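**Q** So you can see what is in the structure, the chains are spelled out below.
4 protein chains.
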Amino acid sequence: MHIAFLGLGGMGQPMASNLLNAGYEVTVWNRSPEPALKLAEQGATLAASPADIASATVLITILADDVATEQVVLGQGALTALARGAIWINMATVSVAFTEEMERRAHEKGVSYIAAPVLGRVDVAAAGNLNILTAGDAALLDNVQEIFDVLGQKTWRFGDRPAQAATVKLAANFMIASAIEAMGEASALVEAYDVGKGDFLGMLTSTLFAAPAYKNYGAMIAEDRYSPAGFTMKLGLKDVRLAQQAAESKNVPMGIAGVLRDNYLDALAHGDEKLDWAALATVSARRSGQQ
Amino acid sequence: MHIAFLGLGGMGQPMASNLLNAGYEVTVWNRSPEPALKLAEQGATLAASPADIASATVLITILADDVATEQVVLGQGALTALARGAIWINMATVSVAFTEEMERRAHEKGVSYIAAPVLGRVDVAAAGNLNILTAGDAALLDNVQEIFDVLGQKTWRFGDRPAQAATVKLAANFMIASAIEAMGEASALVEAYDVGKGDFLGMLTSTLFAAPAYKNYGAMIAEDRYSPAGFTMKLGLKDVRLAQQAAESKNVPMGIAGVLRDNYLDALAHGDEKLDWAALATVSARRSGQQ
Amino acid sequence: MHIAFLGLGGMGQPMASNLLNAGYEVTVWNRSPEPALKLAEQGATLAASPADIASATVLITILADDVATEQVVLGQGALTALARGAIWINMATVSVAFTEEMERRAHEKGVSYIAAPVLGRVDVAAAGNLNILTAGDAALLDNVQEIFDVLGQKTWRFGDRPAQAATVKLAANFMIASAIEAMGEASALVEAYDVGKGDFLGMLTSTLFAAPAYKNYGAMIAEDRYSPAGFTMKLGLKDVRLAQQAAESKNVPMGIAGVLRDNYLDALAHGDEKLDWAALATVSARRSGQQ
Amino acid sequence: MHIAFLGLGGMGQPMASNLLNAGYEVTVWNRSPEPALKLAEQGATLAASPADIASATVLITILADDVATEQVVLGQGALTALARGAIWINMATVSVAFTEEMERRAHEKGVSYIAAPVLGRVDVAAAGNLNILTAGDAALLDNVQEIFDVLGQKTWRFGDRPAQAATVKLAANFMIASAIEAMGEASALVEAYDVGKGDFLGMLTSTLFAAPAYKNYGAMIAEDRYSPAGFTMKLGLKDVRLAQQAAESKNVPMGIAGVLRDNYLDALAHGDEKLDWAALATVSARRSGQQ
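Chains as they are written, first to last, in this note's numbering: chain W, 93 to 383; chain P, 93 to 383; chain X, 93 to 383; chain C, 93 to 383.
Extracted from the complex, chain W is given alone in its bound form:
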C-alpha cells in the first residue's frame, strides 16, 4: 500500500509520521513545506504538488475545511492524478453536503471514497490514540483497517455512506459545544450567588460529569484560560453551522444549536474569534453583567 498524505497541519503531521514509523511508503505534500521536509527526514517522499501522487493506492487528506479540500483535491489535481481503483480517505471535519459531492466526484474518476474524521487533538494523534469515525463500503473499510489501526485506538463504523461518518463527527462536536455552553450558563448562575465556578465545575467533573470533555473544558472555564486555543471560537462556530446545515437538509430542529450559534456570534462580535472555543462560556458571564 502506497499512501499519499495531503495536509500536514497539527493533526496530519503526527499521523503521517506514525504511518512512516509503521513502515508504510508515504508521499507527502503540504501548502507550507516545513512539515513535509521534516517527514522527508523520516523517509517520506516529497510530492512536488498535490497532483504528484500518481503511484499512490490510498490518498489520505486532512485539510482545514471544505474549501481547502476542494482546492487541493480538485483544484490542484490530486483526484485526477489517482489511478482508477484507488481509495480516498478524507479524515477532516467537513460538511455533509461536501462529503456527498466528493463521494460523487471520486466515483466519477473510479476512485472510492471513505469518510473517516477523528476525535482527539494533537497529542492524541501523536500517540496514535485517535478515535476514528468511519463510513463507507464495508469491504473497503476492511481493506484500510490496518491504516486506522496505526492511527487510532479504535475505529467506529457508522454505515456504508460516507455522509454518515461526516454527520456523526458534526454531531459529536455539537455535543462538545453544548457541554461548554451548559457549563457556561450554569457557571454564570452559581457565580451570581457567589459560588466559585471552579468549585462548582470541580464537583461536577468529579461526579456525574467525570468525562474527558467536561474535565478538559471545565478546567479551562474554571481558570478563564482560553489561549492558546486548541480549537478556535471561529472553528467552533463553523462546526455548529455545519451541524445546522446537515440538520436543515433533513428537517431536524435543534434548539441548542440555535443558542450556540447566537452565542458564538456574540463572542466573535466582541473580538474573541481566536480564543479556544471553550470561551463560549464567557458569553453567559458577559450577558449576566459578570464581566
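Keep in mind that a hint or two might mislead.
Copies of one chain are not kept apart here, so a pair can be met inside one copy or by any two copies together.
Listed below are the simulated BS3-like cross-link pairs for lysine-lysine, each with C-alpha atoms no more than 27 angstroms apart in a straight line [claimed, not checked]:
hint, residue 1, residue 2
1, Lys366, Lys342
2, Lys307, Lys326
3, Lys307, Lys366
4, Lys342, Lys326
5, Lys366, Lys201
6, Lys326, Lys366
7, Lys330, Lys366
8, Lys201, Lys246
9, Lys330, Lys130
The hints are simulated quantities; they were obtained by calculation from the structure and are not laboratory data.
These figures come from a predicted structure and were not determined experimentally.
Go by the hints and put chains P, X and C onto chain W.
**A** Just chains P, X and C, lined up with the frame of chain W:
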C-alpha cells in the same frame, strides 16, 4: 445527637435506615405510614405528627418540594416544636427563594438552617454513597459532618449561605437536563442519516462523554426506555423552572434553559409527564417527524 | 351605581376623573394621597382606607401588580367591606393564576368578579379611548357596560371566565414585546450593512407594519429614545414572565417568549431596568458589538 | 431605454406588462414560454434565449432565487450579451453574498448592478403599487427611477451598495415571519384558555396591530386557511436562512430567527412545505397538543 427525619420517600427511607444502622437515635415521620413502620422495626421512634419531635437536636427533611416542605415544617408544626439551638438540615431540592425564606423562618425560632441537597438516586442513597452539596455556617457544618459521612461518600461545601447549595443543586440538574437534550438533538440528527442513535451514543459515552450522567441517560435514550421513571418529566420541568427563577432574580440569561423548558412543555402536552425525564429526547425525534 | 376606585396611578387617575365627569358617584383611595385629593376637588369622596368603601356597588381596581392588588383588596380589607352582590372589576394587568384566585375569593364573599384589563397608555386613558378586554359573566358585563363606555372606545368580550381576559392581555403584551424584539434584531442586521435603522423602520412602519405598536416603538428605537419610560423594562420582563407562567400551566411552548426573557435579563444585568421596554432593542445592538 | 426582462413568474409577468403599457420597448424571456407569448401579444419582443438581449440598455431580472439567477444570467449568457454601460436591475429576493458576487461579476463586464427587491404580492405588482427597496450608485438610481415609477408606488433608497437593499428585503421578510410566529404562539396561549384565536387576532389587528402584515396573515391564521399559498413554507424557511447568513457574516445574533428556523423545520418535517408560510402558526398549536 437525636435526629428527627421527616420525609421517607424513595430517598429518605434508605437514608434514615443508614442513620439507624450507624447507631443514631432517629425519630421518623412520613405522610403515608408504611416506611416509618418499617424503620420502627429497625429501632426508629415513630412521631405521631411532624410536631412530635421536640427532643430532636437535628431535624432532617427531604420532602417532595417547596409546598410539601412548607406544609410539614411550618404548617404541621415541626419547626415550632424544635428547641432553640436545634439544626434543620434540608436535603430536598427546593427553590432558592424558598431556601432563603426557610432560613429566615428558622432563624426567628432560634434554629439554624443548613441546605444539603444530594446527587444520587435511590440505590446510591441506600449504599451511603451520595454526593452531598452543602452550604451554611461552617461551624454548623462541622457539627453535622458525622451525619453526612454516614449518608454520603463526599460532602461538598459551597459557602455559608444555604441558598448557595440550593443553587448548585439546581445548576447540576440543569446540567443533566442539558446533556439529555443535547443527546436528543444529536440523536435526531444522526438518525436522519440512518445512523442508529445507539451506535452514536455508545461511541460517545465510551470516549469523550464517558461519564455517569451520559452513560445512564444515553442508554435510556438508545433503548427508548423511559419507564419506570427514576425522575419524572414533570419533575424535570419543575427543576428547570426553579433554575430559571434563581437565574431570573440575578439577571442571568440561560439560553439552553429556555430550550429545555419549551421541550418539556411539548412533552407534557403530548401526555408524557410520567416518563423518566430522559424522555426529553423524544421531543427532538417527534419534531423531526421520526416518531 | 356607586363606584369605589382604588389605584390612582397614571392610568387610574384619569379613568376615575372620566367617571366623575360622566356623573358617577365615585369614592377614591390611593396609597399616596395626592391624586385622590385632586379628584376630590372634582367631586370624588375620599375613602380613609381601602376598607372605607362599604356603600359602593362596584369596585374598580387598577393597581400595580398581583402583590399590590392582594395587599389593598385582601390585606387592607376592601373585599370584606363590600356588600354581597357587589361587583369587583379588576382593570390591572395581573397573572392568570392570581385572577383565578381573586375570582374565588370574591365569590366566597358573595362578590362578582370581572377582569377588564386595558390597552392604551395614559393619554388614551385620559381621552376615554381605551380598548377594554373583558371576561366574566355576560349578564354582569351587561350591567357595567355603561362604565366601560365611559372609559373606553370599545369593549371586547373574551368569555365568561375572568382568566380569559387576563390571558388575552398578557398575550397582547407578549405581541408588543415580540414586535420590539423583532425590530431590534432586524435593526442590528441592517445597521451591520450600514443601513440606518431609522430608514429601515421608517419604511416598514409606512408600509407592511403601519400600525400603532410599530410606529410608536419603531420611532423610539430609531431615535434611541428610551427615557422617560412609558412602561419600564422591568415591567416588560414581568409581563413576559406572566405570559410564560400562563403558558406553562397549559403546556404551551413559546419560543419567542424565551428569547424575550433572556434579552430582558441581559438588559437588566446592564442597568437598564428603568428604561422604556422598547430598549429591549438595545440588546441586539450590544450583542452585535454595535454599542 | 430598451429593457430586457427575464423571469416572468407571478410577479414578473404583470411587471413587464406594466412596462409595456407605459410605452417601453421590452424584450422578454421566460423558462416556460407561455407568459412570454402573452406579453408578445402586448407588443413585447421575444428573446430566443437569455443571451438574445444584446440591444437592451437595461436588464431586469426577477428569478426564483440565487441558483436560478446564476443559471440564467451567467450560465445562459445574459450578462455576457449586454453591452458595456448597460444596467442590470435585480428585483428578486436573493442572498446578500450572491448580491455582492453579482455586483462584482457585472462590474467585470462593464455593467452596473442595482438591487431592487420589492414588497408586495402579485395583485400589488399588477396594480403598479409595489414598494421598491433599492440600493446602488445614486446617479444610476436616478437614471432608472422612471422605471421604478411605473412598477411601484414608492421607491426607497438604502445606500450605494446593492447588498444594502438585499439586506433590507431579508430583514423585512424576517419581520413578517416574526409577526406570524408571534401570532402563532399567542394564539396557542389564548386557545389554551378557550379564547378563540379569531377573537384575539381580530381584536389585535383592529387596534395596536392594525397593519397589512398582521391583518393579512392574522386572518389566515384565524381561519386556518393556508392554501393556496401566496408564499410557501419552504420559501419562508429559505428567506429566514438567508437572513441568518447575512447576520452571521457580520456577527449579529438573532434569537427570533433561530426560533423561526426550528419551527419551519418542524413544519416541513410534518409535510407542510407547500402551505402558505403563515402555517408557521400551526407549529405552536401542534406542540401544545391542540392539533
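**Q** Any hints this thing doesn't respect? Which numbers, in order?
**A** Going through the list in order, the structure violates hints 5, 8 and 9 and respects the others.
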